[in-house]
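A.B. asks: Now for the letters of each chain:
There are 4 protein chains.
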Amino acid sequence: MSAAKPNQIESFYQEAEAKHLIPLWKVTAKLLPPEPQTKVLPYLWKWSDLRRMAYRAGDLVPIERGGERRVLAFVNPGLEGKYAATHTLWGAVQIVLPGEIAPCHRHSASAIRFIIEGSRSFTNVDGDKCVMSRGDLVLTPNWSWHDHGNESDQAMIWMDGLDLPLVNDLDGIFFEPYPQHKHPVTQVNGSEQKYGGAHLKPTWENPPATRSPLLNYKWEPTYDALKRIGEGPASPFDDVCFEYLNPNTGGPTLPTMSCCVQLIRPGVHTQAHRQVNSAVYHVFEGRGHAVINGQRFDWERGDFFVVPPWAWHEFANESKEEVILFSVQDTPVMQALGLYREEAYTENGGRQQVSGSFGG
Amino acid sequence: MSAAKPNQIESFYQEAEAKHLIPLWKVTAKLLPPEPQTKVLPYLWKWSDLRRMAYRAGDLVPIERGGERRVLAFVNPGLEGKYAATHTLWGAVQIVLPGEIAPCHRHSASAIRFIIEGSRSFTNVDGDKCVMSRGDLVLTPNWSWHDHGNESDQAMIWMDGLDLPLVNDLDGIFFEPYPQHKHPVTQVNGSEQKYGGAHLKPTWENPPATRSPLLNYKWEPTYDALKRIGEGPASPFDDVCFEYLNPNTGGPTLPTMSCCVQLIRPGVHTQAHRQVNSAVYHVFEGRGHAVINGQRFDWERGDFFVVPPWAWHEFANESKEEVILFSVQDTPVMQALGLYREEAYTENGGRQQVSGSFGG
Amino acid sequence: MSAAKPNQIESFYQEAEAKHLIPLWKVTAKLLPPEPQTKVLPYLWKWSDLRRMAYRAGDLVPIERGGERRVLAFVNPGLEGKYAATHTLWGAVQIVLPGEIAPCHRHSASAIRFIIEGSRSFTNVDGDKCVMSRGDLVLTPNWSWHDHGNESDQAMIWMDGLDLPLVNDLDGIFFEPYPQHKHPVTQVNGSEQKYGGAHLKPTWENPPATRSPLLNYKWEPTYDALKRIGEGPASPFDDVCFEYLNPNTGGPTLPTMSCCVQLIRPGVHTQAHRQVNSAVYHVFEGRGHAVINGQRFDWERGDFFVVPPWAWHEFANESKEEVILFSVQDTPVMQALGLYREEAYTENGGRQQVSGSFGG
Amino acid sequence: MSAAKPNQIESFYQEAEAKHLIPLWKVTAKLLPPEPQTKVLPYLWKWSDLRRMAYRAGDLVPIERGGERRVLAFVNPGLEGKYAATHTLWGAVQIVLPGEIAPCHRHSASAIRFIIEGSRSFTNVDGDKCVMSRGDLVLTPNWSWHDHGNESDQAMIWMDGLDLPLVNDLDGIFFEPYPQHKHPVTQVNGSEQKYGGAHLKPTWENPPATRSPLLNYKWEPTYDALKRIGEGPASPFDDVCFEYLNPNTGGPTLPTMSCCVQLIRPGVHTQAHRQVNSAVYHVFEGRGHAVINGQRFDWERGDFFVVPPWAWHEFANESKEEVILFSVQDTPVMQALGLYREEAYTENGGRQQVSGSFGG
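Residue numbers (this note's numbering), protein chains in the order written: chain W, 28 to 387; chain Z, 28 to 387; chain R, 28 to 387; chain H, 28 to 387.
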């Protein structure tokens, strides 16, 4: 190998570019940083804004085919040009007014709803009318037909969580409107009747392995589980934190999104850790704060916030009331692809690997 | 091949026997019948006998090391010389008197308890003290230390279900007494606190994949699940029948035994079917009858009965009260080994394969 | 609890027996021994006997419907009344004369053949004609139609390995003769063509998950693999020992039987260990000996021997030629049911757990 | 809901933007198209360019820490600003000159090498020195240390395939240089010795479940498998196409990338289909063409081309010589996340779903 003259190299680079080639050695530092260099920023959306604007949208805009849903979605300030709460997750609030029905459609993105306000609304998932109240978690797995309706006399607001940014980045989006506005109802709370029981499955059903047979995770048993721990030990990082399960597999609710509910008991200030996954949090009850990469976010009931990938984060509840957080996390994606990693923050500022598919 | 003279064949057979060989063609019909030729017989044990004799045993016999447990086990009349309810399953009633503790031990056979009478007794499983009441299902998986105690002022009776005959046939039995009479208690109802919640798992635990992290399936949520079906459709063969799940896998409670609880609603008479697995049933509530291979068995609260492998069976509840059956089944064995098969009985006496790992 | 008088106890025992009940405390020591108390004995069958008697059977007995196969099966001397090489495994030699076809049938027991003598014979498995030569391993999974034929001018002898004793003990035997003597041939060596390649699977096939898509594991690549290790390190217990895989799962060839081939290099004397599974060994090449529970068995090419469950065993090759053993093991059964356990023998006579689903 | 005046809506939109919110109904058509709207373009890189420029890079640029590798990577013309062959896959050629060693490092992206030119070079994967020749496929799974060296007197060129764009989009990149330039060698061709055998695994190894224990898939048995099909039927879309397997799982070589090798027999023109995954193809032998979304690409030995997601594509070999294509595909990602879908092109221009986790 002879010593190259600068102009020889430069002309080589020009030819490479012309041939649609990039020399790795020019971009190694950018492509292979020691740790993830995410553009996702931590951010907080206030419930006072979200609720007011949701109702305002109810005044201004109908729910129609084409627009499909009256949804206000979080746009991460770090992700310009992309409509996403994090690089992989869509988070939003949706409002349905009394008597409205959001038209039936299906898509290859999966979705969850977590109900914030109202009752006697429903999501009809492939004909199973799931009746929803505050605190319920309702799934519309990948490619399932779904419409939403409100049969009460109050507006209904819920959180939407979707893997839409991920599925779009993977060039995997398919969408199809249902021929009619509504899907016929074949059962009411069918999945809940059959799979809502604790650790039981009906022997007369053969549900598909690829999606959870339970579509509506009701709030009451969820809250019972949170309270059952009492004063007992829990996670140093998340306090009393439970993951919702697919009862057929013991795995996450959806192949792309894990849902978690956590109780931060009064007086608890958790230890910081960081995980390679990202998350969208909803403050279901109480008030407290999170410290994310050194920045403090004070939140209260109804607020939403985002934890970026590989960001140190800790939670504090300095009040005398319980704090309950609901979150959607892209953990299953990182785990399925062998990319999951987690580290604990130690007192002296050091790191300690907690778990992961690779590392150490 | 020349025509063989009889005495040539006979001397060949004699030599074969002397060399510890058997010509298959002499025993083909015996070894390869068209369908299973089980020795297991259907049989019914009456609660009036069982309860009386359990109390009598309480009078006569202490619980001691060596004997280990005050247990009366079902001996299937078809299985002479074998202590077993079916070819694979052990079924029994066990009584513990107030203040007694059955000494701690472990074995490679797995066990379940289903509580019939009493409360404030416990099974301590590897240090987790599981407090038990009527209707609870408590697991002691393979090789877990366990002792049983009764802290109430009433005798406690439960059903024992074990895979002991199977594990013995497989030459897989190991047994070890704990050095002390009791195992130290490290938590009380710990598994229930953490895994008893509906379709939730604590994120701060990493339970072993090989056993259920939930050890005590409480009766109340179980009964709720049975009732939730209401008038809805259920199994044509078993009416409202649920299988207990390992919440980490969605699979059966134990690798060798599936536990089921079923509600036969008033007026229901199920369709007959047969399955290659066997089962031990306990009548938890109500009265009714089963027809097993054409023989009628009338049972009432507390009774036990056995359904042999590949036996046609149907259930009837002609009363106005609900019937609840609990059962232990060796289905997971047959499924894991690719041997599961099931057939429905059709009106004209024909058969129709329902499902199975092989066939049709 | 009062002190019981002997005759009270005795009459209690009599009533228990009459009611088909057994008090556990009377049989605890028998049912729950510290370690498996198998009846299976180690035993050696000589090839000189087996071959001679196989040819003699060829002279004396035709292959006919009803008898189905000209097979001489090993009868373990410890298992009186049972036709079995071990408690779970059937081992045998089968002979097919030039021009003969053993009639087509299927059964719920799974089978393997390992070819000892001859070539240009075949097993037709569900229409795929697998042509067989010395050293080939051919599967007839659970419920697959199969007939065997010999198109050469020499007798053909192979080893049969089946899970027949296990499936019979589990009351899971089904058997069905094919309506015709032979099954139509739809492909020749089809599975080998498509799945015989090293670590490749054809993208145009969707084989069933429940059985290996490869039916014929040819000898040549098997031998190559054994030799490839050369002087390298291997198992202290089995020297160069490979397990045959289902290429679709990386698991054993069949859900009930693992097949292994092992090279014991000249001069190697392995360390003893014991495993909870049993095995039937065939001496494919060479001469050597095994020490099984302290008893020495000298074997040479063609011989068969049995290692009982939980029996200490070691292998020695004191010759200058290579020893190759083929074996069928019931390991997958014990593993699937959470019962696998293994211990190494240490110099001072102690034990050291090596691995297992449960234990220490 | 009242009729909204335009300026009310406009001010609503302005507030939404200020609050980092996006109304879904404004962007539904963009976010939820009927089918994937990929930016990835089909493209062809010529071997004559690639080889010449690789050698030129050898003249101009050393292999050094920081730059790490002498690699020329494909830049898809549709993905401006992104260094990627497709949205998820990195494809490149790498050259190592005689005596050079590319320094040891590891990263959370997984990589494969497919050898094009040369022999007696190696990749050292966690201490296992894998010696490489033309046609070999070598894996460096996720987070494994690896350095590359060339011990011959000829330059060595191979194809690199990585999931780098995907892992970057998922914010999952970690990178670490090894403290020394080279990793110590602990074995030579160790994985090949132990796992290279056809459908056999060594019983004395316990490889991690999360990565393939085989690191070097040699060319000779691969080619044998391709040829073994002969005139037999194969895939209508890909002709004789095999996927490389992880011998421990029967699954793809890596959790993010499937590798395939395919033989297009002389005279074959395949049927078009489309799949939701993308692929980078290398023309290992022969000449032919592909039609991708209606555009014809003529290629010959050494060329590379890209098939975008959900693009109709077909292959033709109009020569009398065999065509062999090697490809890297992101199929496992789409399958793991429940997003896989495939359609066949039918004569009348219609579509027919072939398979998929969802759909129809």
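These are computed hints drawn from the structure, not numbers from a lab.
Treat each hint with caution, since some may be false.
Because identical chains cannot be distinguished in the list, a pair is counted as satisfied if it fits within a single copy or across any two copies.
What the hints assert, rightly or not - Cut-off 25 Å, straight-line C-alpha distance, at most; resulting in silico cross-link-like pairs (SDA-like, lysine to any residue): (1) 46 to 109; (2) 109 to 262; (3) 73 to 327; (4) 46 to 69; (5) 347 to 240; (6) 53 to 204; (7) 347 to 205; (8) 46 to 73; (9) 254 to 161; (10) 209 to 69; (11) 46 to 205; (12) 46 to 132; (13) 53 to 339; (14) 66 to 107; (15) 109 to 40.
A.B. asks: Hints numbered earlier in the text: which of these fail when held up against the supplied structure?
C.D. replies: Hints 2, 5, 7, 10, 11, 12 and 13 are the ones this structure does not satisfy, whereas the remaining hints hold.
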